[in-house]
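Heads up: the sequence lines are chains A and B, in that order. Under my numbering, the residue at position 30 of the first sequence is numbered 30, and the numbers go up by one with no gaps. The number in my numbering is simply the position in the second sequence, starting from 1, with 1000 added.
In short, the hints are calculated from the structure, not lab data. None of the values given here were measured: they were computed from a predicted structure. Every residue, glycine too, gets a C-beta built ideally from N, C-alpha and C. Treat the hints with caution; some may be incorrect.
As the list claims (entries may be wrong) - To list a few chain B residues with every Cβ distance to chain A over 12 Å, as calculated: (1) Val1381; (2) Ser1392; (3) Asp1739; (4) Met1763.
To be verified - Here are the in silico distance ranges between beta carbons for each label pair: (5) Glu1319(B) x Arg19(A): 29 to 37 Å; (6) Arg212(A) x Gln1254(B): 39 to 47 Å; (7) Arg19(A) x Val1093(B): 32 to 40 Å.
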Amino acid sequence: MRDAVSAVRITEEDISSVRLTQADRSEILRYIGYSGQKIDENLAQRIADAIAKTNRAADPKLTAVLYTCREDGSWPEALTFLTGDDIHRHLAGCSRILLMGATLGAGVDRAIHIEEVRDAISALIMDSAGSTLIEAVCDSFEAGLRRRAAKEGKYLTTRFSPGYGDLPLAVQNRFGELIEARRIGLTITPEHIMIPRKSVTAIIGIADHPLRARKRTCADCNMHDSCRFRKNGVVCGE
Amino acid sequence: MSEKIIILDGGMGTMLQAEGLAPGEHPEVFGFHHPDVVKNIHRKYIDAGSSVIYANTFGANPRKLAGQGIDTDTAVRSAVRTAKEAAREEQEVCGRRAAVALDVGPIGELLAPLGTVSFEEAYEAYARQMKAGSRAGADLVVIETFTDLLDAKAAVLAAKENTDLPVWVTMTFEESGRTFTGTKLGAFAMTMEGLGADAVGINCSLGPAEILPLAEELAQWTNLPLIIKPNAGLPDPETGKYRLDAAHFAQQMQKFESLPLIAMGGCCGTDPEYIRNLAHNLDIDGIRRVAFGENPTEEINRGRRPARRGICSSTNICEFGGVRVIGERVNPTGKKKFQQALLDHNIDYICQIALAEEEAGADILDVNVGVPGGDEKALMVEVVKALQGVVSLPLQIDSGDADVVAAALRVYAGRPLVNSVSADDARLDAFLPVLKKYGAAVVGLCLNEDGIPQNAQGRVDNAKYICQRVTQAGIPKEDILIDCLTLTVSAQQDQAKATLDALQTVHEKLGLHACLGVSNISFGLPARSHINENFLVQAMRCGLDFPIINPNILPLMDAVASYKVLSGEDRNCEAYIARFAGRQETAGAKPANGTDSGAPAAPSGPAAVSASSASGGLSIEDAVVKGLKSETRTLAEKLLETHTEEEVINGYLIPALDKVGDLYEKQVIFLPQLISSANAATAAFDMIKERIAGKGTGSVSGGTIVICTVKGDIHDIGKNIVKVILENYGFKMVDLGRDVPKERVVQAVKDSGAGLVGLSALMTTTLPAMEDTIRAVHAECPGVPVFVGGAVLTPEYARKMGADFYTADARASVEVAKKVFRQ
């Protein structure tokens, strides 16, 4: 059974102008294990440069497809590839499901690559700045979505990405086809890696009633043993 | 608009979806199982007025079809047959026979270095699709919706080398005039024209109104006819539906009338109604649809010359018309360190030199990799591939071997220059077919089998001969740069004038571009910079528009900037004013001429403060801990006055690094500071290494380690940090980069005699590749242990995979290396 009519492509939140500011400095540092060490002038300058270069190189783009669940609450056929208990738990009670993909574009990859050749420290900070910016892009989109949902008396779940919990990373390729990731220049390798690198795919549920806050904890994260934040004595903040 | 316009078809995807194609389902697979549905859509388009229909083969390349239960041959054969049946059946109805295009879409993944697909793999995939299409009887090849120039080049070469069909190429651009990967309109046009495409154009992404200005720019860069296949406007952000209806679509397409179009149609969101409107409502005098096969390409072509010309990488165009600097630094001649870097495949070093040239303001980079003991062809391909991922400047491939040049041109994303041919028939015979095939511009040296003519006339005669041979081969005159050859003025004083005279004639009488290596003029003289500058300026006045110089030498670049003001090229002196804004002119001498430190520019910033501050009671340990590069180096030099190299390394540098490691573990410092200290120590290590190499008394290497990120994985930041840190402990690192197949790891271990291998993987999905690589190393290189690291790894998993060591971070890898090499 097909649910072609249940899918609507939306691009209404304009996230193309989202950029890093000095306020993102602490987030950028957190990715590289910062825990209060003294930052000298040299490093401060490098961080400022990394922010400027990332902002110049970034060309944020986002695409999303909104699916409507069936009358009985079951998912449209197109979404049955999303397997595992966790995503079902996450979306329980939702009447609509949004699949999104966002990318900073190939320019950021190229800028990081140039720094890799030139200067390992800047490369590290640029990489971190890119991660921070793509999250900011997704946050901006989600915030707009949340505002509109609130007006309509709807409620949103948090973002849930392939690879979280027991939702396999391997769904990434199918995910990319569904959201037509190529339209934003986002590709996925046979190893399920997104290229450009600074990209995010995620699922957001929309419900007609308030959702019980489901705080993700380190214990149910599949990165539990190898998390770079935990390794550095901090948490990812989710 | 030209007299004859071919009407193409419209969108296929949305039509198929309306007929039952599920979201995410492959249209080729669907079409194979439902040929009648596809045939019916084709027939609707022909009935609406399409003269060329695109077979349902857009994604029928082997990589996209992997795991879909249908192979490329089957998918293509079935889809072309379906389209041909539609054309035949419709011909019986309307009497008009539509041609069938083999539709070839992009591979669906990004090519290296951004992605993991190699140029060669992409070519192989397209070659299968092209052969299948040709066998199935397609009338032409349409390569469309590409966003990566190198990807499109692979497809075009595959089409031209495996079929005799006409090849049309359309790429997808953003309103900025660039594709997602940054390819510029002009770069696309020049590259495709050079490769021998029959038509170029734009499809998808935008509507006709947005594409119009892009098409106008495209037409300036090529004399090929254009193809326009827009979407039905832009999608409505609220609903995702395309906003332009069929009538308005046709209205907007009318505005393309002043452009040299060969074909137009529709892409996403268009259906037979749009095509009907195009075919019947376009109101342009003289338009009539033509049956395919009259070769309209040639007709439209006749007498047109592109308004703009140049060479390009995919993201950067060097437009001819004015002085353009060719940087000469990527060349091992006379540079020990560069030669060694080539032999060690230390490509980062070469990339750093190229980056410095780009920053210094070069417009084109000469690339020469000829070194005794090196495989020039393999090295050239390796270096060109690496450079085009890092610098955006167009390259000049510099080799005397046509084979080497062909290999480089093949993998180059853009339209490069080639250095060089001469008036020697044997060389011309070898080079011209290669230049023609890949569409490169070329440098011609004014010499022949008998050597360099000692007078201007002899050189001009050689230039004439080169021009004649090159244009006979079908390469336009505008693509020739003549090198009138600089001789050393201290040895043959009258030759400077001969060079300049020849240059003037080549420029004025022959109307050709000219390039010239400048600095050779002053060889053997003191204060060379004065001669170099003076000669450069005189040569530019005589018509030199492509000086080959070291762009890092400020006075030479200043001379070029000044010349551009006086020649009028720099309108309103804007570039000049910008260049010198904030520059403090000193009365004293500028940096010396041509001093060849060989070292790339150090990253600026407070870390690179002057050595003079190194005194003042700072210990070498403090300097390392604080990450002060030049201080560390200076202090090490001071220590060497009273200590041996061994003592400085083991008694000072290593303990300092150990202290840094300790501070890192205690979280007194964090990662950037750890790297910074490592870099400071490197400055001292490098100096000591050079001293030892100078003495020829062995090496300081503590052992050789091969390191890489495994096949399929492209995360290399962590791997790079491990490399930097290990290097600082004196280990010789052989860095194979990222996405490295196990065979290369094994080969590198054997070639380098490495005693340890380090593997990195950041994704759970690439751990199997890591395990394979460990197994291969253990099987083929017994006794060589493997350490692994990466975000998703745990000690347990590492053990399970058979790794000898697990390293949680860069610091831990030092302990492993120490342990292994102490044994």
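Exercise. If you check the beta carbons of Arg212(A) and Gln1254(B), does the distance land in 39 to 47 Å?
Worked result: This hint is violated: roughly 58 Å between Cβ atoms.
Exercise. Is it the case that Met1763(B) keeps its Cβ farther than 12 Å from each residue Cβ in chain A?
Worked result: The claim is violated: Met1763(B) sits with its nearest Cβ about 6 Å from chain A, within 12 Å.
Exercise. Does the Cβ pair Glu1319(B), Arg19(A) satisfy 29 to 37 Å?
Worked result: Since the Cβ atoms of Glu1319(B) and Arg19(A) sit about 31 Å apart, the hinted range of 29 to 37 Å holds.
For this session: Check the following: the C-beta atoms of Arg19(A) and Val1093(B) are separated by a distance inside 32 to 40 Å.
Result: For Val1093(B) against Arg19(A), whose Cβ atoms are near 57 Å apart, the range 32 to 40 Å is violated.
For this session: Report holds if the minimum CB distance from Ser1392(B) to chain A is greater than 12 Å, and violated otherwise.
Result: violated (9 Å)
Problem set entry | Status of Val1381(B), Cβ more than 12 Å from any chain A Cβ | holds (18 Å)
For this session: Just double-check Asp1739(B) for me: nearest Cβ-Cβ distance to chain A has to come out over 12 Å.
Result: About 9 Å separates Asp1739(B) from the closest Cβ of chain A, which leaves it inside 12 Å; violated.
In this structure, the hints that do not hold are numbers 2, 3, 4, 6 and 7, in rising order.
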